Amino acid sequence: DSGVTQTPKHLITATGQRVTLRCSPRSGDLSVYWYQQSLDQGLQFLIQYYNGEERAKGNILERFSAQQFPDLHSELNLSSLELGDSALYFCASSRDRANSPLHFGNGTRLTVT
Amino acid sequence: AQTVTQSQPEMSVQEAETVTLSCTYDTSESDYYLFWYKQPPSRQMILVIRQEAYKQQNATENRFSVNFQKAAKSFSLKISDSQLGDAAMYFCAYRSGGGYNFNKFYFGSGTKLNVKP
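Which chain is which? The protein sequence lines are A and B, in order. Take 564 as the starting number for the first sequence in my numbering and just add one per residue. Take 58 as the starting number for the second sequence in my numbering and just add one per residue.
Note that these hints are calculated values from the structure, not bench results. Don't take each hint at face value.
Stated by the list, open to error - Capping the alpha-carbon separation at 27 Å, the derived lysine-lysine pairs in BS3-like fashion look like this:
| hint | chain 1 | residue 1 | chain 2 | residue 2 |
| --- | --- | --- | --- | --- |
| 1 | A | K572 | B | K169 |
| 2 | B | K112 | B | K135 |
| 3 | B | K161 | B | K135 |
| 4 | B | K130 | B | K173 |
| 5 | B | K173 | B | K161 |
| 6 | B | K112 | A | K620 |
| 7 | B | K161 | B | K112 |
| 8 | B | K135 | B | K169 |
| 9 | B | K161 | A | K572 |
| 10 | B | K130 | B | K161 |
| 11 | B | K173 | B | K127 |
| 12 | B | K161 | A | K620 |
This structure is a prediction, so every number in the text was calculated from the model and none was measured.
Starting from the given sequences, assemble the full structure and let the hints guide the process.
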């Protein structure tokens with residue numbers, strides 16, 4: 564158990580809809596990262612937050628947004644969903660130490676029909 | 058920006074044999090950390106091993122070890138006595154040790170390892 568909790572585990576929705584993915588980082592971790600992984604693909608970095616502030620942006624679409632709340636949990640909002648958004652979305656957290664690895668949640672599997 | 062390259066999209070190994078997965082990276086930094094992650098069919102991301110760039114000694118975790126060549130910017134993963142449960146996608150990752158890129162992680166594209174019984 565990595566200590567990172569993601570909900571829901573599975574999500575099935577229709578095109579054009581909006582969904583929210585939730586992540587609770589490991590206790591003590593201030594950084595939260597979101598990744599997208601399509602089937603048999605690598606990890607695409609979306610966005611990173613540190614203690615409530617956006618730190619880095621990757622290939623995140625304008626239809627997607629995220630935030631990190633004072634209690635450090637994070638939410639990833641996906642809107643105007645398209646078939647191509649179907650993927651596994653990972654949240655990961657890390658300590659603010661250079662030798663600290665990323666600890667991943669089990670992911671949210673999003674299916675857009 | 059730093060880049061991480063895994064040049065072997067897929068590899069196969071016989072059970073009980075040894076296999077080495079390659080990873081190279083491009084950086085101008087002197088302080089950084091390297092990691093290998095395993096993603097089995099369940100698609101969980103599991104940390105396998107980590108290496109500090111300032112350490113010359115190669116990291117080892119049971120059957121997993123690395124060959125870290127700092128000058129060559131190479132960080133390969135050796136799996137000894139391969140088991141069926143080792144079948145997975147393996148990702149190499151880089152983390153900056155400080156400066157502007159601190160807290161940033163860079164991942165390779167992954168190597169799919171098949172283990173034959």
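Each hint tested on the structure:
| no. | hint | verdict |
| --- | --- | --- |
| 1 | K572/A <-> K169/B | 24 Å, holds |
| 2 | K112/B <-> K135/B | 18 Å, holds |
| 3 | K161/B <-> K135/B | 25 Å, holds |
| 4 | K130/B <-> K173/B | 30 Å, violated |
| 5 | K173/B <-> K161/B | 36 Å, violated |
| 6 | K112/B <-> K620/A | 31 Å, violated |
| 7 | K161/B <-> K112/B | 21 Å, holds |
| 8 | K135/B <-> K169/B | 14 Å, holds |
| 9 | K161/B <-> K572/A | 26 Å, holds |
| 10 | K130/B <-> K161/B | 18 Å, holds |
| 11 | K173/B <-> K127/B | 32 Å, violated |
| 12 | K161/B <-> K620/A | 10 Å, holds |
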